[in-house]
Amino acid sequence: MSDIALRATTSTPEAAPRTAPVRTTGFVAWAKANLFSTWLSTAVTLALAYLVARWIIGFVDWAFVNAIWSVPSVNGQPQTQACRDIKGVGACWAVITEKHRFILFGTYPFEEHWRPALVCLLFIGLYIVSAMRRFWNRTLIPIWIVTLTAIGILMWGGVFGLSYVPQERWGGLPITLILSTFGLAFAFPLAILVALGRRSRLPAIKVLCVLYIELIRGVPLISLLFMASVMFPLFLPEGMNIDKLLRAQIAIILFAGAYLAEVVRGGLQALPKGQYEAADALGLSYWQKTGFIILPQALRLVIPPLVNTFIGFFKDTSLVLIIGIFDLLTAGKTAIVEPIWQGFGVEVYVTVGVIYLVFCFAMSKYSQGLERDLNAHRRR
Amino acid sequence: MSSTTDPRLASSGPPKRPLRLSWSDERVRGIVWQVLVVGVIGTIIWWLWQNTVHNLEVRRIATGFGFLSREAGLPIGESLIDYEPTDTYLRALTVGVLNTLKVAVIGIVLATILGTLVGIARLSNNWLLSKIAGVYVEVIRDLPLLLQLLFWYTILQGLPGPRQAINPVNGVFLSNRGMKLPWIEWTATHWWTLALVVIGAVATFFYARAMRQRQYQDGQPRKVWPAALVFMLGVPLAFWAFSGAPFTPDIPALRGFNFRGGVTVSPEYFALLIGLVTYTAGFIAEIVRAGILAVNQGQWEAAQALGLRRGDILRRIVLPQALRVIVPPMTSQYLNLTKNSSLAVAIGYQDIVSIANTTLNQTGQAIEGIAIIMLVYLTISLSISLFMNWYNNRIALVER
Numbered sequence: 001m002s003d004i005a006l007r008a009t010t011s012t013p014e015a016a017p018r019t020a021p022v023r024t025t026g027f028v029a030w031a032k033a034n035l036f037s038t039w040l041s042t043a044v045t046l047a048l049a050y051l052v053a054r055w056i057i058g059f060v061d062w063a064f065v066n067a068i069w070s071v072p073s074v075n076g077q078p079q080t081q082a083c084r085d086i087k088g089v090g091a092c093w094a095v096i097t098e099k100h101r102f103i104l105f106g107t108y109p110f111e112e113h114w115r116p117a118l119v120c121l122l123f124i125g126l127y128i129v130s131a132m133r134r135f136w137n138r139t140l141i142p143i144w145i146v147t148l149t150a151i152g153i154l155m156w157g158g159v160f161g162l163s164y165v166p167q168e169r170w171g172g173l174p175i176t177l178i179l180s181t182f183g184l185a186f187a188f189p190l191a192i193l194v195a196l197g198r199r200s201r202l203p204a205i206k207v208l209c210v211l212y213i214e215l216i217r218g219v220p221l222i223s224l225l226f227m228a229s230v231m232f233p234l235f236l237p238e239g240m241n242i243d244k245l246l247r248a249q250i251a252i253i254l255f256a257g258a259y260l261a262e263v264v265r266g267g268l269q270a271l272p273k274g275q276y277e278a279a280d281a282l283g284l285s286y287w288q289k290t291g292f293i294i295l296p297q298a299l300r301l302v303i304p305p306l307v308n309t310f311i312g313f314f315k316d317t318s319l320v321l322i323i324g325i326f327d328l329l330t331a332g333k334t335a336i337v338e339p340i341w342q343g344f345g346v347e348v349y350v351t352v353g354v355i356y357l358v359f360c361f362a363m364s365k366y367s368q369g370l371e372r373d374l375n376a377h378r379r380r
Numbered sequence: 381m382s383s384t385t386d387p388r389l390a391s392s393g394p395p396k397r398p399l400r401l402s403w404s405d406e407r408v409r410g411i412v413w414q415v416l417v418v419g420v421i422g423t424i425i426w427w428l429w430q431n432t433v434h435n436l437e438v439r440r441i442a443t444g445f446g447f448l449s450r451e452a453g454l455p456i457g458e459s460l461i462d463y464e465p466t467d468t469y470l471r472a473l474t475v476g477v478l479n480t481l482k483v484a485v486i487g488i489v490l491a492t493i494l495g496t497l498v499g500i501a502r503l504s505n506n507w508l509l510s511k512i513a514g515v516y517v518e519v520i521r522d523l524p525l526l527l528q529l530l531f532w533y534t535i536l537q538g539l540p541g542p543r544q545a546i547n548p549v550n551g552v553f554l555s556n557r558g559m560k561l562p563w564i565e566w567t568a569t570h571w572w573t574l575a576l577v578v579i580g581a582v583a584t585f586f587y588a589r590a591m592r593q594r595q596y597q598d599g600q601p602r603k604v605w606p607a608a609l610v611f612m613l614g615v616p617l618a619f620w621a622f623s624g625a626p627f628t629p630d631i632p633a634l635r636g637f638n639f640r641g642g643v644t645v646s647p648e649y650f651a652l653l654i655g656l657v658t659y660t661a662g663f664i665a666e667i668v669r670a671g672i673l674a675v676n677q678g679q680w681e682a683a684q685a686l687g688l689r690r691g692d693i694l695r696r697i698v699l700p701q702a703l704r705v706i707v708p709p710m711t712s713q714y715l716n717l718t719k720n721s722s723l724a725v726a727i728g729y730q731d732i733v734s735i736a737n738t739t740l741n742q743t744g745q746a747i748e749g750i751a752i753i754m755l756v757y758l759t760i761s762l763s764i765s766l767f768m769n770w771y772n773n774r775i776a777l778v779e780r
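Chains as they are written, first to last, in the working numbering: chain W, 1 to 380; chain Y, 381 to 780.
Simulated from the structure, these hints should not be mistaken for lab results.
Worth double-checking, as some hints may not be accurate.
Partial list, computed: chain Y residues near chain W (C-beta under 10 Å) [stated by the list, open to error]:
| no. | residue |
| --- | --- |
| 1 | I421 |
| 2 | T423 |
| 3 | D522 |
| 4 | V615 |
| 5 | L617 |
| 6 | F619 |
| 7 | S623 |
| 8 | L758 |
Source: prediction; values computed, not measured.
Glycine residues also receive a C-beta, built at the ideal position from the N, C-alpha and C atoms.
If we strip away everything but chain Y, and leave its shape as in the complex, we get (with noise of 0.2 Å):
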């Protein structure tokens, strides 16, 4: 932008020309409209602004988040924290978090797993199947989320009670109370075992990585199988051996009206989990399925020219190719799916939504309230965001 005597450069950008004031210049027309549009939505927004600071001065509702270190007073049935109604608003809302994370992050974990599947089978060559995949998509797409939550909560409603409860398999009851499932004793070994499993998973990844440079050497393939079973079992499972082999079930078993023992999936945790990851699945097996389609054919043939079988091709040459169409749509179902866990507030899941909307009832403090829901789901949307983006950066096709 700077005048320069430079033949070469003066000709990189257009002649600067002085600013006229006039309607018929494009700089000064963009600053009027800028200027009126800014203008016009400030307006609005601050005579909104001042409604609301009078509205609020009549109905004398103190603003600020001081009522979040009040004694909240209202029961939770379910947490992963400790939680009293005599905790505070804050903890509440925590325990609400909470709930909203447990749910949307099995939830799309088990969509993904129920998608991919799906997906597959509508380009199975079995006709039974792909049409059987196709029924499923189309109608679970068509029908609103909420119906089929309603619909979810209502069949585990109807079931029987904890005397009558249906028992599948020896140690888990399913009634009208929800599902329980045999667990055990937790302790800190179990916590211990866990951890030398991860562990376990990131010393597979490394070794698999290095014996996949040693293969670009040599041009020998190595079998990363059984170190794998090595690193996430065989270490932890010793580990486990060595302390004491803690191992306690808990079974869940009928004490009068009602079920002790054992881990209890509640009715709405289940239901909301059911319809959020079949509804999920739907739009993830089209996108899937897209992904595959989108491979070019000439890569199928020349995978089964080199020998490859089937699941080999899929998994070696297809899949690998289609992540790069996959992984941007699969990002806003994601999304999606973490922003229709809300809908948990209507079959009674106390989700951050319901527990932030029961806390405005009690408070008055509407505008904190709604606030404090927007902000969780921006900052989970954007957390999930910046993964994709960085999983889909490294996925992506490097052109040379």
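Extracted from the complex, chain W is given alone in its bound form (with noise of 0.2 Å):
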């Protein structure tokens, strides 16, 4: 034992001093692994490092340091040679102060324009309470028939002391959420009827749903619209008028059955067969087997895709632009018609942009967020 120990003391001061364990913590450890592993690494990083705060100080000069908030204001027109001097070098959001309100509710009555605020507020709360999971069941029907409706008589008015506000007048971010929401309730239970029809084994109406799919899938939307813009009027009795708007709805609903069909038809092919043959073999009639075993799985094994198609709707409706009909975009761009404003496209399009990009981030997170939840159970 004291041999060993003998040894052990006297190879000691032989051996080299060791060099400290490569530090795997810490903001340099992590630095060195993430951004100069290796040296193509670290001339990418200082490269995009460069780029991106030559940018972003380019972007802060341009949005904040050099722009000008509001401009003075000669006899009700407003002077905007300011902001014409500075073009290139600040940004003019005077065009944001001026025109907010126009943009956000078009041409709708100026003093009536809580009633638009109102049923904005009212939409998104909408989208929170379907949002969430405690209310996925019956209550949810009820809710959005009672919001949907109150959603109608602000737009409208006529009762309940409130002025008649006929629908030409309507606009701006009212009417995207109108044209997407709507579009969606109904677009949805086409899609299913329309799913299942596909996966049917009876002939005729297998025929017909893949015919409808398929050609809509296959042409723009754009035609659609054009479609219902100038073929529906022929399509009618005479006499017989729908209005711009909801001939518009129309094909957006029909664009987009055809699409969510083919999301839920994903989720119906998805779901194992021994649950359609376990249905069968209890003895539930089609409806039943459809209502109570395979829908509640198949929707539920779709949902993230869902909410991708239904972001890509929300701002496909922005489409209706082409056919001259007042959302967000539109107003957007018809704000900058007017001389005095012409030329300052950029600053609206970044505010619509934003405003567009909130409704779509906040969708897309919740998406992921469900997607990571429901699969919570699939993950190692």
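Using the hints, put the two chains back together into the complex; each one sits in its own frame.
As structure tokens, this is what we get:
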């Protein structure tokens, strides 16, 4: 024992002092691993850091430091000369300050703007409630009906002492929200029916559903919107006329229906065959089987792609600009038609873009969270 | 289905029951449902058709495609084939289809390249690079394409006029009239040279295949690139040099108020292309990333254990497997890009939708105009689908 101890002590002075182990925690170690691991990585990091820093500084200069937030107005006419002088150097947010009510609510009577504002809040509240899993049951249906009725009353007015506002004067954000919400509310049941029809054993129904889906998915939304705006009046009997917004809404519903149907079909196909067979073995009728066994499971499987499709349609409602319906984007584009505000498109589009971004980003984050939760049992 | 006495065959299907006229018979219910649905939809279509015929009579609009041979009289800014406003509507619509194809084909190629790069960048070990790619994907996918197109168009319109044009490289001018690029005076020799390059590419393909076959036999890898260089570059260049090496640069220059010479990329086309490419690339990046992540981690580790470099692993091991996951969703992105090119009408690029829309406004032939638009897109969509399905079958996993 002492022998070993003796040898151990004698060998100590000969051992070279070892270097400290490489740090694996802390900022320096992290940077070394993730930013400067190889010479190529270092070069990429430095080049990107330079570009990003330059771009951020340029953007902050343009958007905040050199920006003009309001312009003086003479005889009710805003003077935009100051803005024109700094064009390209600083942003002219004065166009937003001046026009934000128009961009948000279009030509809705100015003193009644609280109504569309309230409608937007109602829509947002409706989305939040629908997103909460606590409400994923039958209570959601009356909530939707009550909210949508309230929205209709607020927009049109004519009752409860609210003045009547014809539909031609609606515009801005409420139109975007109406088109996307009503579009999805009607397209979704349609999509479920068509998806079931496509998987049906009845040949005539199957052919009809396949034709509908493939025809709609093969053509751009614009052609359907054109169809709605030019051809629809020809389809209807003389004297009967549907207004432009409703026609566009129908086109969007038909379009969304075909895409959602394919998503739903994905869920129907992903369900193990045993579920169908078990339901048949219990002697359930087709609608009992579909309603109680198949759909609840199939829809749960496809919630993340459904939300992605919703995001797509929220963005696609902006296409109504082409047939002249006054949604958020059209309002933004119209706001800069006035000669004094011409040339400030970038500021307006950035603002409108931020609004779209907020809605879509919230949905996309929600969908990611949902995907994580719903797949919790599959993760290792 | 035929009645047979062989007991082994008889057990293959359920016994055939006589059709009973009762609601409890599944087949009767099926027939009733089908007749009902087809009847309702048929009635609706018939009703709409009757209304349309009546309305057309009232408005004195003659149906049919006779208007196609009339003089169009609509000016078109850019076209791939010769076009004058005195040409027929048919020719104007053909110009539109070609313009759509021009933006769609180039857009698909560029979006694939950009999207793949961004998708790989998002998986990079470099934190900064992957974060930037992530932010790009998130932001670009959350903004409506139409908004992005209007944004790019506004920016291009905001560029200085031709006299103060931005001149980043000699011969390249960027102004509110579009982008001017130097070009050469194009002759028949150039066409032949280009054809030789294509023939060279085909030859390289077959040469590489033959070399691979040899490698399978003796295990020796063979270099393909020297032959590829000769086929695709050497032979065409030699031909070009022997035909007198025609090369007259056509460099744009400012004459008066506008440019002369060179080729022009119009601001409309440029804005549409930037918008479509950056937007679709955001989606393609996600598809590529998902595809690469779908390849089992073990494949990476096994390849590393064999001593392959990271680039080789990606190119030879991971990407071929990832392609099986990538190709089907990629097809729908290509279709989306093609369909989204119809948004050109909003910024004044004259694609098929824009020209057909002008046509139907001028002639009042609404049904025919929209039918043409739909037919063109259905044809393009089906062609892309068929090609991608063929490609997908080629790369699909062969299960034994």
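Verification of the hints:
no.: 1; hint: I421; in the structure: holds, 7 Å
no.: 2; hint: T423; in the structure: violated, 14 Å
no.: 3; hint: D522; in the structure: holds, 4 Å
no.: 4; hint: V615; in the structure: violated, 35 Å
no.: 5; hint: L617; in the structure: violated, 33 Å
no.: 6; hint: F619; in the structure: violated, 39 Å
no.: 7; hint: S623; in the structure: violated, 43 Å
no.: 8; hint: L758; in the structure: holds, 4 Å
Violated hints, listed in ascending order, are 2, 4, 5, 6, 7; each of the other numbered hints is respected by the structure.
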